[in-house]
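Visitor: Each chain, written out:
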Amino acid sequence: MRDRITAQSRSTDHITDHITLQVTRYRPEIERETTMQTYEVPCPKDWVILDGLNYVKDRIDGTLSYRWSCRMGICGSCGMTVNGEPKLTCATFLSEYAPGPVRIEPLRHFPIVRDLVVEIGDFMRKLTSVKPWIIRDREREKPLSDGEYLQTPDEMHEYKQFSMCINCMLCYSACPIYGLEPSFIGPAAIALAQRYNLDTRDQGAEERLAVLSEHAGIWGCTFVGECTKVCPKNVDPAGAIQRYKLQAAVESLKSYFMPRGSR
Amino acid sequence: MIEPRIEHPAYTLHHPRWLRQHVSTYWWLSKPSYLAFILREISSVFVAWTIVYLLLAAGAVSQGAVAYADFLDWSSAPAVLTLNVISVGFLVFHAVTWFNLAPQAMVIHAGGRRVPGAVIAASNYAAWAIATALIAWLLLRRG
Amino acid sequence: MAEFHDVVLVGGGGAGLRAAIAIAETNPRLDIAVVSKVYPMRSHTVSAEGGAAGVIGADDSLDEHAYDTISGGDWLCDQDAVEAFVEEAPRELMRLEHWGCPWSREPDGHIAVRAFGGMTKMRTWFAADKTGFHLLHTLFQTSLKYTTIRRYDEWFVTKLLVDDGRVRGLVAIDVMSGKIETILARAVILCTGGCGRVFPFTTNASIKTGDGMALAWHAGAPLKDMEFVQYHPTGLPFTGILITEAARAEGGYLINKDGYRYLQDYNLGTPGPTPVLRSMELGPRDRLSQAFVKEVEKGRTIDTPYGPVVHLDLRHLGERKIETKIPFVRELCQRYQNLDPVTELIPVRPVIHYMMGGIHTDLTGATPLPGLYAAGEVACVSINGANRLGSNSLPELLVFGARAGRAAAEYAANSRPPGDASYALLAQANDERHRLEQLFARTSSGGVRLAALREEMQTTMEESAGIYRMAEPLRRAAGTLCGLRERAAVAAIDDRSLTFNTERLARLELSFMIDVAETIVRAALRREESRGAHQRTDFPARDDRRFLAHSLVHRRSDGGAFVEYLPVTITRWPPAERVYGRAHA
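Residue numbers (our numbering), protein chains in the order written: chain E, 1 to 263; chain D, 1001 to 1143; chain S, 2001 to 2585.
Derived by calculation from the structure, the hints in this document are not laboratory data. Incorrect hints may appear among the rest.
To be verified - Distance windows between CB atoms, simulated: (1) D2063/S - I1108/D: 48 to 58 Å; (2) E2297/S - K142/E: 53 to 63 Å; (3) R1113/D - R125/E: 31 to 41 Å; (4) E181/E - H1014/D: 24 to 34 Å; (5) L246/E - S1044/D: 16 to 26 Å; (6) D2063/S - K142/E: 20 to 30 Å; (7) I1108/D - Q2264/S: 44 to 54 Å; (8) T35/E - S1075/D: 50 to 60 Å; (9) L1140/D - E181/E: 41 to 51 Å; (10) T35/E - K2298/S: 51 to 61 Å; (11) W2573/S - K142/E: 33 to 43 Å; (12) D2420/S - T38/E: 56 to 66 Å.
Said to hold, decoys possible - Negatives, chain D to chain E, calculated, CB over 12 Å: (13) V1066; (14) Y1068; (15) Y1125; (16) W1128.
All C-beta atoms in this analysis are idealised placements derived from N, C-alpha and C, irrespective of residue type, glycine included.
Work out the full structure, taking the sequences as your base and the hints as a guide.
Guide: Encoded structure:
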């Protein structure tokens, strides 16, 4: 029994619309600066930018390097700058940019390793620095056999939004503070810290405060708000940061007027 | 051992040189929302000026009618007038942008549920309107 | 110069991270490495949507979960493994809750469970419809706590180092620099996931290329039950994106071009207004996929530029229910197919989703090679048998990830460092480095693009080893794949750079995929019966007399393969007929 298989290669034969991609290239072995290369790719209605890039790599130029994996907006690999805006290339239709050309560049504010691939080690370190795990006092830990920590849907709602971050770093790319001041801890890291701070099962808010209330922590943020605008998962990191600023300010007042020992 | 095509000394085998992307001094002109942000930040300068101006006005009033008349003369000089007109524009811009942002920064619970963002913004506007009306009434009824 | 770690994990997804944490907690003195070709939060675990099964209801029992799993697996599951699995699953899921996983809750704060295809009771824990995402991120973030876990992100493993029959290390390419590195270890755990990318329509991400299966195969470990590949009956036709079973569990209908709920023609019960567990649209996946193929034969499917599809109808559920229970489904349809399921029909077709088969392991995750362990989709214990039930795979990652971690930790603690063997191991590593360098140095000869070879492999697999199989196409496929392997071995790549050369990796992945594809075809050819996901039109009946056994594909020294059989472990549930649509007694 023969299924009518139409792999991507065959299904482009009937397509008449095309669009030009202007793609950043950077090969450290042979150049010091980025260059731009243009490619012409088909532009069917349901193709996303990533499909265009895959077409280039598979059929035209195998040397183009970029990251991708799930192509459904959940792994966070495929963030790039498209016509100046940070986007997930698996979730952005090519036809939106017709007649083109479409400029595809690596994510801003990160060092470029190769073509559209950026180095994200700084982000990974910052994520770790906010201690993004459940912190509980040893005496208050529940044995597994006692079952779950009760948490009502309303209590979950408090932090749910901040738990949706896919670590795509579009927010870091949009944030001018991070661009100007690379030591800024950044939106996603603070949102993740808030995700744990607001989780009723966590007791680590005080531990995280030390990292977050540094100058390069939350106080680096001036509420530009671009991070929230570009976030593909509606995490609203700007909101997380401003809310936390209030909390952090109250906490530091408290610790000033009521030192730990006397509380 | 493979020899890559090294055409310049900035790359050594297995040590790729990362390219740091520079942020232009004019980054704030690259997007309308960035420009709006910068204007919002600059508006605080004009807010500060307005406060200084009101303090000068209060000072002039407290020094008597002559001082106050001098103050009004000075205020009607083209430079000061222009500055104040611009300041009013920025004041409104400042208020509107911050009222609209307030819901993002404040999560208030009432009766076990979150107060919707629109309500928070609306109550700011309402308070502003009421305060403005009250002050206007106070100033204008004097005659 | 080589790195040394006590235990090295290849793969940083659900199973890999759970195993790493298990080792760190069991033995804080052991030094652990997690080597992954992508950053861990990109692992394919992140895409899982529906949920994870674990018995917590008062009216539910371990025996029932076990029976559902065993009957769903068409009696090819090792029952001792299933019994261990169902017992530990609830504890593992609870452990995740303690680590912060945002499981969806009842109004009173207790964990909520929902129905899932093939399960007779509601026992599927879920985190909205992004269970895999939350599970992976919880595991990843928790793993950051342990200072004994060191990560090698974006390192691509090309070979396992074996000395005297024991696995003692690996060779990997540091993708960023292109440098070929060696890591020596006392134990290696493979958690690299499945190989859906050997087929053309798949829910799997681009990274699911069967790397671990091929690595183990080359090292001398047999692959078990490879012929059992699971189709998910509802995937979007072009991208292969999965429309979760939950959409059907909430009440969606599958209809053909006449608007008819065609599943009632295939012994899956009678259509009713609300979903009934194990009946109609909540029947097991393999039966739903087979029904699709039959509908195509009858000409009752809808034609699209990407092949035949049927429709998933959610319109009668209403916007409110869709937004609260399955919002991700709506989001996927709008973003990737440009349609709104509240008002339109979703085109779907069966897509490859999961590999029941994998590296042969025992209940502790140990492979026949000392020092080598495996867990997760890459392994075959087997708890899924001939067909996996939905929501069993996430708990499988946790249960067997933890077991393999603990077993490897014990093995590592009791084994000596390589010592004299290091010379032999480093020599092997050097040979591998030369092989990779020579492969890389090959310049263009013939102009065949990698993508063309890959597509040819995928088409061959779909035609011969798809939902329905027959001897002759399988034999031809084995020959085609042999030819493909030779052509792939001489294929050249455009990219000459050492820095982040993804084309170089794609060629290595292609060779892994061809190896794995061949084991699938050989195992499918030898199994002359129909069971679960393996359906032979020339042998349509189940044959317990000859084939109540696992197929084991071994690699011969000349590179070929031979198949032998391992009897299934039956403890308490003698084989019976798989029945659906009738209420469970």
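Visitor: Just to be sure I understand the hint, the distance between the Cβ atoms of E2297/S and K142/E should be within 53 to 63 Å; is that true here?
Guide: The hinted range 53 to 63 Å holds for E2297/S and K142/E, with Cβ atoms some 56 Å apart.
Visitor: Please verify that the nearest CB of chain E lies beyond 12 Å from V1066/D's CB.
Guide: Check passes; 44 Å lies beyond 12 Å.
Visitor: Within 48 to 58 Å: is that where the Cβ-Cβ distance between D2063/S and I1108/D falls?
Guide: 50 Å, holds
Visitor: A range of 20 to 30 Å was offered for this pair. Does it hold for the Cβ distance of D2063/S and K142/E?
Guide: 28 Å, holds
Visitor: Taking the beta carbons of E181/E and H1014/D, is their distance inside 24 to 34 Å?
Guide: 31 Å, holds
Visitor: Does the hinted range 56 to 66 Å hold for D2420/S and T38/E at CB?
Guide: Given about 58 Å between the Cβ atoms, the range holds.
Visitor: Do the Cβ positions of L1140/D and E181/E conform to the proposed distance bound of 41 to 51 Å?
Guide: Because 48 Å falls inside the window, the suggested range holds.
Visitor: Given the range 31 to 41 Å, decide if the beta-carbon distance of R1113/D to R125/E lies inside it.
Guide: 38 Å, holds
Visitor: Is the hinted range of 33 to 43 Å satisfied by the C-beta distance from W2573/S to K142/E?
Guide: 35 Å, holds
Visitor: Any Cβ of chain E at or closer than 12 Å to Y1125/D, or is the non-interface label fine?
Guide: 19 Å, holds
Visitor: Is 44 to 54 Å a correct range for the gap between the Cβ atoms of I1108/D and Q2264/S?
Guide: Because 53 Å falls inside the window, the suggested range holds.
Visitor: Taking 16 to 26 Å as the hint, is the beta-carbon distance of L246/E and S1044/D inside that range?
Guide: 19 Å, holds
Taken one by one, the earlier hints all hold for this structure without exception.
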